[in-house]
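Peer 1: Hey, can you work out the whole structure from these sequences and the hints?
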Amino acid sequence: MQQLSTKHLLGIKGLNEQDIQLIFETADNFKEVINRPIKKVPSLRDITIANVFFENSTRTKLSFELAEKRLSADVVNFSSSNSSVKKGETLVDTVNNILSMKVDMVVMRHSSPGAPQFLSQNINANIVNAGDGTHEHPTQALLDAFSIREKLGDVAGKKVAIIGDILHSRVALSNIFCLQKLGAEVMVCGPITLLPKYISSLGVKVELDVKKALEWCDVANVLRIQLERQQIKYFPSLREYSLYYGVDKKLLDQLDKEIVIMHPGPINRGVELNSDVADSEHSIILNQVENGVAIRMAVLYLLAGVK
Amino acid sequence: MQKRLVLDQKQISIILDRFCYQLIENHDDFDNTVLLGLQPRGVLVLDRLEKRLEEISGVRVPSGYLDATFHRDDFRRRNIPLKANETKIDFLIENKHVVLVDDVLFKGRSARAAMDAMIAFGRPKKVELMVLIDRKYTRDYPIKPDYCGREVNTLESQYVSVEWALNGFEEDAIWITEKEVKS
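Here the protein sequences come in this chain order: C and H.
Just so you know, the first sequence maps onto residues 225 to 531 in the working numbering.
Just so you know, the second sequence maps onto residues 350 to 532 in the working numbering.
Treat the hints as calculated values from the structure; they're not laboratory data.
These numbers were taken from a predicted model, which means no experiment stands behind them.
We put the beta carbon where it would ideally sit given N, CA and C, even for glycine.
All the pointers check out, no bait thrown in.
To give an idea of the chain C side of the interface with chain H (calculated C-beta under 7 angstroms), a few residues: (1) 226; (2) 227; (3) 256; (4) 529.
Peer 2: Next comes the structure, spelled out in structure tokens:
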């Protein structure tokens, strides 16, 4: 099989293992492309892609835009802060207007979970979810798993601990689905107030002690404390969070093994991750960023090929 | 299914030897020459050629694999996207004499895409095309091989299948086969 089983990338839940492996194999080839002196290929030269971002984003938007440009697609960017959304226009109207300008694909970020799903049922274009609320962020999960595969050779059989603000994270959910589909064992770790009540029903281990989580895992995917999504206080202070859940070199030195450190960025340095870990040889954070472009190129290439 | 043998193992060996002597004649000591096998099937020809060339001339010519999938002009015109293969070129082709190696030349579209893909690695001084089989009268683009094993006349309803012992076939052979008509 050389085709994705879906027309849209709404979440990892909608992909099967073959889809994920196909994306990885295609990304392997694109990674070679983006390390060439000339990083561009003409595959999507007749495709127009709209990046529709209803929420702030730096690296995801940049990464998608670079991926699109390296595939030679025409790119239009939309951000809600200076658009007609402010005048009361609906989501479908906004996107349909963009599509009337003959756009083939929409890369969308929205604060409401399910917004890309809703859009896929109402418009005729390939939709790529670039993060919807606290629901899913599929390309981040794919690039995370791809980075683990690159570093450790395989994802199957590996133990991955997702540490931090699980409740407000869209990365956590997509990561759990993706890693499990690829045969990894997953643990979540964080203060009880930042763990969703349903989380153990997803088949993940739950741990409240970060040291035990680090002792258990091969890979620690440390998540950002999403202060902007927290309407109420979930822990007494950042200082206390850092003390109990921050990952620093001292903590890693206590382990009798080496583990891989990941972070989807942006990092709250000194809160969930110390600089002595973020910038250490254990960290593959910048590899994740590089792999993000290759993964997004693969996703766009494969989706554009689905009729 | 009708099959007609075009080249057998012995003939393929003779052609590869001929290619080697032609290359030696045209490229002298291979000082400024590189070989690129086109993925997926041209690399099998390249591997054989590279080995034989070293046996005959004593020179190991820099060689690599070139995949042109992302440079093809039929993306979204096929039912499913083509799966890419590995590109392995660990040298610069800037100002080099490049010999592109493939098994079969048909419409010329793959060769065009390959030249497009190759440009990403530098601006070659000269490019030549080497193919085992040239399907005459089927070209869409004005592309002609510089080194050709055998010219054959084929119909649209036929395809050329290349079998390598290395891939589990009894022996190296090239056949013209009638495409199966789907009822």
